[in-house]
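Trainee: Please put together the full structure from these sequences, using the hints given.
In order, the protein sequence lines correspond to chains A, B and C. If you read the first sequence in my numbering, its first letter stands for residue 5, the second for the next number, and so on. If you read the second sequence in my numbering, its first letter stands for residue 27, the second for the next number, and so on. If you read the third sequence in my numbering, its first letter stands for residue 3, the second for the next number, and so on.
These aren't lab readings, by the way, just hints derived from the structure by calculation. In this text, a Cβ means the ideal position worked out from N, Cα and C, and glycines have one as well. One thing to keep in mind: the hints can contain errors.
Claimed, not checked - Which bits of chain A does chain C cover? Going by a derived footprint, with three or more residues having C-beta under 8 Å, they are:
(1) 191-198
(2) 219-229
(3) 244-254
In case you want the letters, here they are:
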Amino acid sequence: MTAALEQPLLQVRGVTKHYGARLGCGDVSFDLWPGEVMGIVGESGSGKSTLLSCLAGHLPPDAGEVRFDVDGSLRDTLQLTEPERRRLHRTDWAFVHQHARDGLRMGVSAGGNVGERLMAIGARNYGEIRSQAADWLNRVEIAAERMDDRPTAFSGGMQQRLQIARNLVTGPRLVFMDEPTGGLDVSVQARLLDLLRGLVREMGLSAIIVTHDLAVVRLLADRLMVMKDGRVVEQGLTDQVLDDPQHGYTQLLVSSVLQV
Amino acid sequence: MTADQYNFAYLDEQTKRMIRRAILKGLAVPGYQVPFASREMPMPYGWGTGGVQVTAATLVPDDRLKVIDQGADDTTNAVSIRKFFERTAGVAVTEATTEASIIQTRHRIPETPLREGQILVYQVPIPEPLRFLEPRETETRKMHALEEYGLMHVKLYEDIARHGTIATAYAYPVQVEGRYVMDPSPIPKFDNPKLESPAIQLFGAGREQRIYALPPYTQVVSLDFEDHPFDPSRADYPCAVCGAVDSYLDEVITDDAGGRMFLCSDTDYCGQRQAAGHTGTEGAP
Amino acid sequence: MDDCVGESDKAMIDCEGVTKRFTLHNQGGTVIEVLSRADVQVAPGECVALTGASGAGKSTLIRMIHGNYLVEEGRITVGGVQVSGADARTVLRLRRETLGYVSQFLRVVPRVPAIDIVAEPLLTAGWHADAARAHAAGLLTRLNVPERLWGLGPSTFSGGEQQRVNIARGFARNYPALLLDEPTASLDATNRDVVLSLIREAKARGAAILGIFHDENARSQVCDRVVDVSAFRPVAT
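Mentor: Next up, the structure:
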């Protein structure tokens, strides 16, 4: 499984974003390879969410390139036309929001939420859309009889799982996640983490996960990037960065976590 | 103020030019919602201000105007708009579909087939078919521009999921010439097939400040799923008065015991049939 | 995986002049040097034990080979792949394909069933789910983990049970190189013997094994050689 994958899926070069005089994120570069999960950690205001927005095309950076593998060649997604970029967001890319209601249509049934991405890429057979939606709800452990319920009737954990199903139904290659387990009960978090791990493995997904929770990245991310004041202070293998942190800030971050 | 102190058809000529430009643009880009500077009219929003402005900009002195509301020529809304133009434009009016050169309508297409040269003007409350699922105007405009219409099918999907069939019975979305998805105003879906017509069809939304149009013989396809095709259903009764089995029917409750009957919603069509000797179960002798 | 086994005279695990020091930036930049110029080679089919007093750097060396600690100086290769200075992707691939590791502690997503924890390295390697679970079940059976526990998350298990799940996971795949950090600690005699036979089987198929064994008896049963890391103690300053 190595020979064919000699090109990164995502290549980020010098991404920089200022808010007026203040630095949002500065000169961020990295390669993400197919099947890799990268975590971005840092405290509030460290620039991790700004970086994620820039990478996902929600916020135009001041400088830099975000190259994505389109049909075998790396293309700068910041230079794509709007229709091309929106198509990317419906097909190869997915975005899981921290608050499920930002990523769901709360007035539309669970099945409709999952089916929307299929209909957006041209599915016009009700029966097929419905069976695919049912399959995905099952994969994220939502009972079939809840399919026609609206997400407003779901618990927080269920809403988050529905958001994941809605995002993954079209088989994206890259998933951006913004604090996907934030705001959930600890027990619900664990179940979601396990679900995400399984899906990442089965689908060969690549993912970029922004979180402030070091336990989440330890369990989910292969690689880790630590941000402070808009800059990347350290990056590497997740367990190496957490167990043998080189930068003073990372050492502080790791030593500040309560051990259970 | 007397009638001869109004400009012809109430609106000033500059306003009419502005509206005509919007109409021409709408005809050039069928199904596309053209913004226009909707004026205050001497009637409240929701009473057809969009349709009235389109009619006013379209009328010429030798036109013959028909106004219907839910198919009827004699309801308050239809009567007041007809009187408005009689007074401000002095044009001839009629209740006969065949005799009219311009027909302003609220929520129906006449049963009598329209012909070339006629203009049908619709009063539109909410022109944006995507509105109920996507509240942001910036986003819906982008969706139209990029032909991203998956969301429209989400609405139909929800219908089937909830009711077992596409339950949208009026304002049923259509796609025009394979391009723009359009709200045909709240006509019953029974009327959707009649949208492919030899007449010019103009749609005016006063409060929302949008005009859109269908030139004659434009292809108009009602959206559906492969396994749930569009069905322009109709109540399975004949008209109680004229016996018609091909017209759209209104249900009329006749007593407190739940008695009811079905009547043609198009009063002109029903009247013509009665005059030609057709009768139904309740038909006058 | 036998294609990964190199020529027998060449070390599968090779540490040359490896030095490790920790710099504590938040404690006045204190530098703690743990290992200096460590040299360890393990050939295919060989089992080598690291010895030395507590704190001498046995675990540190194991962790450096695993890519968990960075290497300050020197060079580490596993199966010809350089670990020292390698990027995350190289280390991940090495761990996926070549280098197994049984740590002292089990670190997993809470509430994931034990059998899935054992099967995970196989699933990652592309095994079919049923085959992976069947293989995992075999190992758990062999290590005497009662079947009623397989469907439960191990956080509620006893120390010995957790360690056996951990060992099953580490031995799930036939890695050509294996690192063991006290694999027999907190095990009873029966299970210790199971682990020792697992080690023997790994050796027999040509795996290079480097381990820390506090249990002298266990060490003498499976280890061909002993390397005392005290020899790599940094010169006191």
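Trainee: Taking the earlier hints as the rules, which of them does this structure contradict?
Mentor: The structure breaks none of the hints.
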